[in-house]
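Chain A is fixed; fit chain B onto it per the hints.
Chains as they are written, first to last, in numbering that gives the first Met the number 0: chain A, 0 to 505; chain B, 0 to 505.
A few of these clues could be false.
Pairs of lysine to aspartate or glutamate, DMTMM-like flavour, derived with a Cα cap of 20 Å [unchecked claim]:
no., chain 1, residue 1, chain 2, residue 2
1, B, K218, A, E38
2, B, K126, B, D410
3, A, K218, B, E38
For the record, the hints were derived by calculation from the structure and aren't laboratory data. What you are looking at is a predicted structure, and each value in this text was computed from that prediction instead of being measured.
There are 2 protein chains.
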Amino acid sequence: MPDLQQTYTALVEHLRETAVLRSCGGLLGWDEQTCLPPEGAEHRANQGALIAGLVHERSTSPKIGEWLTELAVVEGLKGAESPEAAVVREARRNYERSTKLPRKLVEELSRVGTLSQQEWVVAKKNKDFAHFEPWLTKMIGLKREEAQAVGIPKGGVIYDALLDDYEPGASTAEINSVFAPLREATVTLLSDIRGSGKRPDDSILTRSYPVDAQGEFAKKGASAIGFSFTAGRLDVSAHPFCSGIGPGDCRLTTRYNEFHFPGAFFGVLHEAGHGIYEQGLPRAQFGTCLGEAASLGIHESQSRMWENLVGRSLPFWKHFYPQAQAAFSDALKGVKLEEFHAAINDVQPSWIRVEADEITYNLHIMLRFELEQQLIDGRLEARDVPDAWNSAFQRDFGMTPPDASLGCLQDVHWSAGLLGYFPTYSLGNMFAAQLFEAAREKLGDLDAMFARGEFMPLKEWLNTSVHAHGQRYRSGRLIELVTGKKPTPDALIRHLNSRFRPLFGV
Amino acid sequence: MPDLQQTYTALVEHLRETAVLRSCGGLLGWDEQTCLPPEGAEHRANQGALIAGLVHERSTSPKIGEWLTELAVVEGLKGAESPEAAVVREARRNYERSTKLPRKLVEELSRVGTLSQQEWVVAKKNKDFAHFEPWLTKMIGLKREEAQAVGIPKGGVIYDALLDDYEPGASTAEINSVFAPLREATVTLLSDIRGSGKRPDDSILTRSYPVDAQGEFAKKGASAIGFSFTAGRLDVSAHPFCSGIGPGDCRLTTRYNEFHFPGAFFGVLHEAGHGIYEQGLPRAQFGTCLGEAASLGIHESQSRMWENLVGRSLPFWKHFYPQAQAAFSDALKGVKLEEFHAAINDVQPSWIRVEADEITYNLHIMLRFELEQQLIDGRLEARDVPDAWNSAFQRDFGMTPPDASLGCLQDVHWSAGLLGYFPTYSLGNMFAAQLFEAAREKLGDLDAMFARGEFMPLKEWLNTSVHAHGQRYRSGRLIELVTGKKPTPDALIRHLNSRFRPLFGV
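If we strip away everything but chain A, and leave its shape as in the complex, we get (with noise of 0.2 Å):
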């Protein structure tokens, strides 16, 4: 059918082009991250609000409304889950989600996001909330706009529709019932951990450590994982993040303290296991949902995977603690492997969530999801924040934080307009433990292999098994492929006991 084959051209075409310019829309936020001057924020924000404009209309043209009506048939003729039917099916679903959005909603999010994203940055340092609410107002009530326009699908709440954004297909209904059984085992687990009266000295973590020689030792290990520097680059910014330009151009960014060694380590390390996805998907899609990442969820399963299963492990660090005493020979004197491999892996109640240990990270989580949800559907008000985040702290953490940057105004998210993504990072944290035994199955002992420094074997089966797919799978189907198994919380509650009980002894 070469009319068919035509249409389908021209809408990957279509859809081609307009990802180069959502790319230039991704440098605009890079850079702004990274290397914008303060006076040129709004100039910056109105960039980027054309640009998204430009996309948003492109993502709406009726034409592409035309050329979907005419693909109805390739699900059929190629099968469900062919490429083809992939790129159609998720073309579709962009296009119902843009045509329900006004082109001037879409500009004031993007303007309103920067905005508020540069005032969020001011309040969080003069740790004054007051000075952001009204932006979160405002954020918050374009989202409900968002998510009315979009609609609520069918059974479902108001958060589903922001969060199908993120994690297509999933319902909140869906992640109150896997996260459930995750809070009860992270009960059970911390409250086990803190009767043993175990703690290690991680103060061996807070000594110094040359912020120069901190960014040459994350450069090594990012590229012991297979990220590749001569298609990406690591800067500093305020809030670390990874972003995919496009083809050959994946974009980290950390920050330094001189007397924090993990956070920027592992946030390298972390955002380096999100770049390797995205340099892992399909070039010559790009464009297509097959060159796009399948999920949030799953691209954060990558990079826990490297920051935490791998990154955390003993093995890993009988490979890299030479290295690391040779390049902190101050800070690590006399320290031995064990004590250094304890130390990383503490568990204790903290106030930040990106740093804070693998058992608490998922609470952190889900105080975030169950505000976020108030938010949206109207059960908590912007200025009631402050307390609500302090008072389910309290409850969950037993401690409340002293002041709103240690509390409610850490996280970049809600300035940026992403409401209903804070779930997909536990969902991440499941879906890699799920990953992370299947690929012990299929490639033998991975211990041995890190304690060797070989990272290669587990990073290109990541590549065939999940990068090299792109969008083609829903992230719960992609998961059953490679594991045989829907996905559950299972592998991750294993991976947390197997992992904290022995160093507590508990």
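What follows is chain B alone, placed relative to chain A:
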């Protein structure tokens, strides 16, 4: 006339949005030179081409033609030199230029320009003109096409059509007529200097100047003359440039050589001069000609004024030399201010334009101007460029370049299609000297101010006399309005004689 006002507003809004889009391309270009990972080059080319195409589409929108027809009466209503008339005039100029250029030619110029620059890099590195020749031939052909398409002005020559893109309203004949006396004065002065047998010891400038300290010191210099780092930044690139991304965001680059002090320092002063102009353009007028630089010649007058007229003056160094001695204590130990000042004002024929002294610099420009005219009107073929260059160089400098990378391959301009650009450098020198004389008359004892480190009076005078007007006036008219005289080379000739005759005792 409310309708006319509405049309004018619509035009301005359209121009502004186009400028915002173009400025996204500006960021892509800056990033390409400073940050882009090597494997990202292909995607960056796709991004740049897409933005350029969209900008061209917007710039040739028939709506503009309709608006301009309605707005033809503005000049009569508001006066020929009113801001509104200027906006309409430049909008018409740009619209006519854009619509006369077939999109295919625009795309071909962009495509060949990108490839040709890459081949120029190779050719220059290998000192191999033959490698570059086919690209130069192709580019010259395209530029001839461009000139024919935009049209040769009445009574003018084909080169005028290209020149007009960089220096609106200028003509080849006029430039020849101002270059002639400048050449005569230059040759005389140069011959006198060479006859003096006097040479400063400029080996002091090639001692070790640690790169970090150079960066710090250059930033200090740029700040002192008024470049704002809250609305700009300084980075490293292979070729120094200044890129005004948009209001509040102007970016300078430089390159450092530990064993060559003047390169980075005066390079940064030069780019900061451009940057101060960009930062001084009225932000609210961004997008119309009132928020844009008057011409490349005026732009260059700002960079060359700060670099040379101010930056290489004795009073400037009366203020800065103690700081330089503190920053570079090894290199400048025991070196007297007067010795340093003489060294940075050494005069001698040299191969490379961008490293040339103030006197020989204009001879470099005139040589290129001469060859460019011949290339465009067909008197000279690309293959004959090396011979033509070398014989002209022998004639003007009394020596012949040993290879093409020190000769006709040294500049990026021709590979990038920037033909008609070079003469604006010497126009800039002339404008700078004429403006500087006017500033002296207006502001009093500038030398005494500089010696006290007071550069703001000059900077603010330039802000109000030059920058604030944007492109309201054509360059010649602007110079006349500010200095009371039409542009001539007289002030430049006076400056060169009064600076260099005493230094060389001639």
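The hints, checked one at a time:
1. K218/B with E38/A: OK: K218/B and E38/A at ~18 Å, within 20 Å.
2. K126/B with D410/B: holds (13 Å)
3. K218/A with E38/B: holds (18 Å)
This entry satisfies every hint, going by the numbered hints stated previously.
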